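A.B. asks: One letter stands for each residue in the lines below.
Number of protein chains: 4
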Amino acid sequence: MPTQSHSFTFRVRYAETDQMGTFYNARALEWFEVGRSELSRAVGMPYTEWESKGVFLPLIEAYVRYQGRAQYDDLLEMTLWGETVGHTRMRFPVSIVHADSRKPVCKGHTVHALVNKEGRPMRIPDWIRAIYPTADEEAR
Amino acid sequence: MPTQSHSFTFRVRYAETDQMGTFYNARALEWFEVGRSELSRAVGMPYTEWESKGVFLPLIEAYVRYQGRAQYDDLLEMTLWGETVGHTRMRFPVSIVHADSRKPVCKGHTVHALVNKEGRPMRIPDWIRAIYPTADEEAR
Amino acid sequence: MPTQSHSFTFRVRYAETDQMGTFYNARALEWFEVGRSELSRAVGMPYTEWESKGVFLPLIEAYVRYQGRAQYDDLLEMTLWGETVGHTRMRFPVSIVHADSRKPVCKGHTVHALVNKEGRPMRIPDWIRAIYPTADEEAR
Amino acid sequence: MPTQSHSFTFRVRYAETDQMGTFYNARALEWFEVGRSELSRAVGMPYTEWESKGVFLPLIEAYVRYQGRAQYDDLLEMTLWGETVGHTRMRFPVSIVHADSRKPVCKGHTVHALVNKEGRPMRIPDWIRAIYPTADEEAR
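Chains as they are written, first to last, in our numbering: chain A, 29 to 168; chain B, 29 to 168; chain C, 29 to 168; chain D, 29 to 168.
FYI, nobody ran anything at the bench for these hints, they're computed from the structure. Among the hints, a few may not be true.
No copy labels: a pair is met if it fits in one copy or bridges any two.
To be verified - In the EDC-like style, the derived pairs of lysine to aspartate or glutamate whose C-alpha atoms are separated by at most 20 Å in a straight line are:
1) K131 with E111
2) K135 with E89
3) K131 with D101
4) K131 with D154
5) K145 with D101
6) K81 with D101
7) K131 with E79
8) K81 with E105
9) K131 with E66
Values in this document were obtained by computation on a predicted structure and should not be read as measured data.
The shape of chain A in the complex, shown without the other chains (with noise of 0.2 Å):
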């Protein structure tokens, strides 16, 4: 069951098509990130401010469906949530839609490695965990 999921709207820019007509395969990969940004500052802990307490975020995974088209400047809906996994990983699963047909754009995941600023693998600290439920291993 998602927890502290965050929903909000965006709309696909010109930039992010291609000649088939429909967004860029990899642009997914960009909206994920913004959910990433948003949802961090949803949950009252803004990314900027986890880089400025020494955490960093790498993706050691991504995972995109794709489910449907998207054309320039559609108004799409992104759901999201983060949760961590074990002691030194962080998943965020992530659905995008047309917020008004609610036709499927796109879903799927990334998956995290916590560093520090040299790069070094680190513990999740609690001040993340107070924010982000554990992950259900049962569910995955």
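Guided by the hints, dock chains B, C and D onto chain A, whose structure is given.
C.D. replies: For chains B, C and D alone, coordinates are given in the frame of chain A:
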């Protein structure tokens, strides 16, 4: 066993870096796509000819495993191949390493539907089967 | 004097940073394009409607003056307007500042031809003249 | 007269197209940057060495004149050179044509400040003057 795999080198563009000093995660999917272009040219049927034959190859799935950093101007080597999956899909497994040290950068795959100009699903034509092997379902 | 100028705020995406820690230079042109989308919506004739009326607006010229840094998640404010130039061109002057400090980030403009679906040049239709003022040639 | 100009070919990526079927305008600035990387390597002093010597080259100005279309997988040829401007700036004029037909795609230039690691302006070092000619102010 990959058949007809193709390898080539390329350099990380400055545009592809981010403020962590490594390549921005979404760029991996742009690289995978460059790989599909180079592979299709190497096997004698460039993707531009696919499109002029009315065969399009939208993504339905993308997976990336990030394994190591890569900085501006680093020389990387991509290896990939293509395979048909069932009657209507193709799959392109990819891996990228540092050309000199062979240190891994990322690996993953994309899965594609075959659609015609109207966006309707189509069966894999014989001329594609003649070029790309059938996925060994066991091996996956 | 700008007439019908439009302002709005937006945040720098992580994807838009580079290893110098500021926004990557080419992204300014993506922002300018987002600006044209927002401006056209604000004046009641979104660019999607231009395209459905068969009017396309390819760039023929872009100029950017980089004035200051902008980091991930910074809140920026863009101000732009549009004007017709002679019988066949449009021009969109843009400036971007930090929303709080008003420190300049970049400014510039794009110049566009008007073409039909076949890519052939066309004269500026009356419904565009009714919305966008004529460039004051003296002032340029 | 350009001295030490450098030319090389490259292909348009699918990611670089937009729904008008030509390259997306901002990508021209990414190409110009690829050009500066290739030029600096060709003259024996790759930009990575500039940065390791503590010399950074942020853009202060970019200009692009769009002259023609370029589609996915088209083979383009870029020609560019670099020149010093006064005591503190560099300028890189660029032109891009279709490799076979020589039809123009776009041309332009970027102007750069020289700054040190702290972002403070610096004078052009002698080792740069030894490589790049001084701009002929008359010719501009």
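A.B. asks: Hints first: check each against the structure and report whether it holds.
C.D. replies: How the hints compare with the structure:
{"no.": "1", "hint": "K131 with E111", "in the structure": "neither (26 Å within a copy, 30 Å between copies)"}
{"no.": "2", "hint": "K135 with E89", "in the structure": "both (14 Å within a copy, 10 Å between copies)"}
{"no.": "3", "hint": "K131 with D101", "in the structure": "within (16 Å within a copy, 29 Å between copies)"}
{"no.": "4", "hint": "K131 with D154", "in the structure": "neither (38 Å within a copy, 34 Å between copies)"}
{"no.": "5", "hint": "K145 with D101", "in the structure": "between (38 Å within a copy, 19 Å between copies)"}
{"no.": "6", "hint": "K81 with D101", "in the structure": "between (36 Å within a copy, 16 Å between copies)"}
{"no.": "7", "hint": "K131 with E79", "in the structure": "neither (35 Å within a copy, 23 Å between copies)"}
{"no.": "8", "hint": "K81 with E105", "in the structure": "neither (30 Å within a copy, 27 Å between copies)"}
{"no.": "9", "hint": "K131 with E66", "in the structure": "neither (22 Å within a copy, 24 Å between copies)"}
Figure legend: structure checked against the earlier numbered hints; hints not met, in rising order: 1, 4, 7, 8, 9.
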